[in-house]
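Undergrad: Using the sequences and the hints, build the whole thing.
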Amino acid sequence: MFYDIYKSLCEKKGISPSRAAEEMSFNRSSVSNWKKNGYTPRREILVKIADYFDTTVDSLLGENDSSIHEHFFELLKDEKFRELAELFSQLSPESARETINYVRYRRAQEKGGKG
Numbered sequence: 719m720f721y722d723i724y725k726s727l728c729e730k731k732g733i734s735p736s737r738a739a740e741e742m743s744f745n746r747s748s749v750s751n752w753k754k755n756g757y758t759p760r761r762e763i764l765v766k767i768a769d770y771f772d773t774t775v776d777s778l779l780g781e782n783d784s785s786i787h788e789h790f791f792e793l794l795k796d797e798k799f800r801e802l803a804e805l806f807s808q809l810s811p812e813s814a815r816e817t818i819n820y821v822r823y824r825r826a827q828e829k830g831g832k833g
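Position 101, counted from 1, in the sequence shown is what our numbering calls 819; the numbers after and before it change by one each time, with no gaps.
Honestly, I wouldn't trust all of these hints.
[As the list claims (entries may be wrong)] Below, computed lysine-lysine pairings styled on BS3-like, alpha-carbon distance capped at 30 Å:
no. : residue 1 : residue 2
1   : K754      : K731
2   : K725      : K766
3   : K795      : K829
4   : K766      : K730
5   : K753      : K731
6   : K754      : K766
7   : K731      : K766
8   : K725      : K754
9   : K798      : K829
10  : K766      : K753
11  : K725      : K753
12  : K730      : K754
13  : K753      : K730
Calculated directly from the structure, the hints in this document are not laboratory data.
TA: Here's what the structure looks like:
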């Protein structure tokens, strides 16, 4: 799936997949692995490819941006979520990290039946 998206982006740019890889300083063997073996590049490679084609990593992976947007807008309809987002935006970076860690802790407790 990744290779098909990569190839399509190359075609839109008017360049071969191998040439695009060269311009990004990747080995041609990488492109071959994507095509023949269905491999998906590591995250840092995906970021470089996304930058090269001026797109997102999600789109390279075939993830539908509209479903992400729909989920986000559904969350915004929830008054508790809006209040939480407003309060969170007022925290210092350190407090924000602590809050995230606490929420993860609470979620783990609930999943384990301890909460």
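Undergrad: Take the hints in turn and mark each one as holding or not.
TA: Against the structure, the hints:
no. : hint          : result
1   : K754 <-> K731 : holds (22 Å)
2   : K725 <-> K766 : holds (15 Å)
3   : K795 <-> K829 : holds (25 Å)
4   : K766 <-> K730 : holds (18 Å)
5   : K753 <-> K731 : holds (19 Å)
6   : K754 <-> K766 : holds (21 Å)
7   : K731 <-> K766 : holds (16 Å)
8   : K725 <-> K754 : holds (13 Å)
9   : K798 <-> K829 : holds (21 Å)
10  : K766 <-> K753 : holds (18 Å)
11  : K725 <-> K753 : holds (9 Å)
12  : K730 <-> K754 : holds (21 Å)
13  : K753 <-> K730 : holds (18 Å)
In terms of the numbered hints stated before, the structure departs from none.
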